[in-house]
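Engineer: Chains as they are written, first to last, in UniProt numbering: chain A, 1 to 68; chain B, 1 to 338.
It cannot be assumed that every hint is accurate.
[To be verified] These stretches of chain B come out as covered by chain A in the derived footprint (C-beta under 8 Å, 3 or more residues):
1) 30-39
2) 74-84
3) 123-134
4) 220-228
[To be verified] For lysine to aspartate or glutamate, the following DMTMM-like pairs were computed, each having C-alpha atoms within a straight-line distance of at most 25 Å:
5) Lys15/B / Asp210/B
6) Lys302/B / Asp34/A
7) Lys27/A / Asp29/B
8) Lys11/A / Asp203/B
9) Lys11/A / Glu3/B
10) Lys23/B / Asp34/A
[Unchecked claim] Between beta-carbon pairs, the in silico distance windows are:
11) Ala35/B / Ile26/A: 45 to 53 Å
12) Gln263/B / Thr8/A: 17 to 25 Å
13) Arg12/A / Glu136/B: 37 to 45 Å
Honestly, the hints are just simulated from the structure, not real lab data.
Given the structure is predicted, the values throughout are model-derived calculations rather than measurements.
Beta carbons: idealized from backbone N, C-alpha and C, even for Gly.
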Amino acid sequence: MSSNSNLTTMKRTVEQLKLEASVDRIKVSQAAADLQQYCLQNASKDALLVGVPAASNPFREPRSCALL
Amino acid sequence: MGEMEQMKKEAEALKTQIEAARKAVHDTDMASAAAGVAPAPQVQLKTRKTLKGHLAKIYAMHWSTDNRLMVSASQDGKLLIWDSHSGNKVNAVPLKSSWVMTCAYAPSGNLVASGGLDNMCTVYNLKTPVIKTVKELDAHTGYLSCARFLSDTEILTSSGDTTCALWDLETGKQKTVFLNHVGDCMCLSLSPDMNSFVSGACDSLAKLWDVRDGQCKQTFQGHTSDINAISFIPSGNAIITGSDDCTCKMYDIRADQEVICYQDAALNSGVTSLALSTSGRLIFAGYDDFNCNIWDSLKGEKVGVLSGHDNRVSCTGVPEDGMCVCTGSWDSFLKIWN
Chain A
1 MSSNSNLTTM KRTVEQLKLE ASVDRIKVSQ AAADLQQYCL QNASKDALLV GVPAASNPFR
61 EPRSCALL
Chain B
1 MGEMEQMKKE AEALKTQIEA ARKAVHDTDM ASAAAGVAPA PQVQLKTRKT LKGHLAKIYA
61 MHWSTDNRLM VSASQDGKLL IWDSHSGNKV NAVPLKSSWV MTCAYAPSGN LVASGGLDNM
121 CTVYNLKTPV IKTVKELDAH TGYLSCARFL SDTEILTSSG DTTCALWDLE TGKQKTVFLN
181 HVGDCMCLSL SPDMNSFVSG ACDSLAKLWD VRDGQCKQTF QGHTSDINAI SFIPSGNAII
241 TGSDDCTCKM YDIRADQEVI CYQDAALNSG VTSLALSTSG RLIFAGYDDF NCNIWDSLKG
301 EKVGVLSGHD NRVSCTGVPE DGMCVCTGSW DSFLKIWN
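I would like the entire structure built from these sequences, with the hints used as guidance.
Structural biologist: Now the structure itself:
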């Protein structure tokens with residue numbers, strides 16, 4: 001019956017909301033600090049941030065020198 | 001008061017409780033907290049390779065974990081495997097259905113998968129002398145929007161039928177079905193530790209799921225339209241979403257809320273795809289306006305743009321070693337930039 005299934009759906013919604021409400025939350029300032037720390041610690045290894053030297057760039061055509 | 005009325009009241013009270021709890025920990029926002037961080041440099045990347053071979057719109061691409069091979073899917077009815085260093089095609093997989101929307105490379109490099117309007121996820125073995133279809137995963141009642149391998153024996157899928165599913169590749173059956181979205185699921189991203197994943201849907205919500213017990217753990221709201229793209233940041237503590245509402249957002253998992261919004265008044269095209277650099281500092285977001293904009297994830301500022309496609313950028317991907325970014329477009333080309 002449609003009204004029974006609506007009730008079941010509503011019960012599930014309430015159960016789900018209870019679960020989501022019970023999550024432990026940390027302060028945004030703590031979250032931000034952790035995010036910044038990760039970015040800064042890994043910055044030097046981030047090729048797209050620091051650039052790839054031409055000689056070690058696997059996607060670049062190697063320049064060939066002609067010996068005359 | 002009827003039971004239904006009581007439930008509705010309880011639901012509203014819980015929603016209010018969640019909002020209050022989020023507000024209580026909202027002691028700052030990301031951009032303010034990052035005021036002391038040096039700005040990311042203006043990022044100017046060049047096209048190093050243009051991969052030509054598809055004959056129609058490209059809808060998806062995915063890097064292999066070897067940082068060299070990648071798979072792309074086009075509505076010309078093919079998956080193409082590329083060697084990104086040489087720009088050559090290594091393999092072509094003809095698809096039974098040309099209405100493909102997603103493709104994926106298994107971490108082992110042995111398998112690839114595709115799916116789309118056929119509602120199925122088809123898995124192919126690349127290592128047999130002739131590429132073979134090993135499984136057709138058939139249980140979704142809506143289009144397949146995204147697929148991601150956990151291993152050679154398990155794959156996660158998201159579907160237009162509003163569900164996500166974890167499949168056993170040996171039996172071809174669904175092990176777990178993830179039910180909670182009320183709109184088409186458009187995208188998914190596995191956490192770095194592979195214990196959870198996030199999904200984005202047309203109900204404008206992103207949801208965090210436990211892979212093993214099938215539970216929706218957290219729901220992230222804020223977008224005002226379909227979420228088309230989603231990705232965990234490398235540390236696993238936050239997710240980035242891209243939406244038809246023309247913005248990207250970062251949601252922190254542990255703070256359980258939106259912490260920054262990447263938007264620009266001049267941008268009024270939907271976000272189709274996104275990928276992050278290895279430190280998580282740069283977000284590469286593909287838009288309907290043919291560009292891929294580069295955002296500083298900490299400060300929320302635009303720091304560059306990848307222009308070069310002649311149609312919508314439909315997919316973006318950064319390999320594990322972070323050495324480049326690949327964009328795929330409805331113009332039928334893939335470009336490698338660094």
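Engineer: The structure should be examined with respect to each hint, and the outcome stated for every one.
Structural biologist: Each hint tested on the structure:
no., hint, in the structure
1, 30-39, "holds (count 4)"
2, 74-84, "violated (count 1)"
3, 123-134, "violated (count 0)"
4, 220-228, "violated (count 0)"
5, Lys15/B / Asp210/B, "holds, 21 Å"
6, Lys302/B / Asp34/A, "holds, 22 Å"
7, Lys27/A / Asp29/B, "holds, 10 Å"
8, Lys11/A / Asp203/B, "holds, 20 Å"
9, Lys11/A / Glu3/B, "holds, 10 Å"
10, Lys23/B / Asp34/A, "holds, 19 Å"
11, Ala35/B / Ile26/A: 45 to 53 Å, "violated, 20 Å"
12, Gln263/B / Thr8/A: 17 to 25 Å, "violated, 39 Å"
13, Arg12/A / Glu136/B: 37 to 45 Å, "violated, 31 Å"
Of the hints listed earlier, those the structure fails to meet are numbers 2, 3, 4, 11, 12, 13, in rising order.
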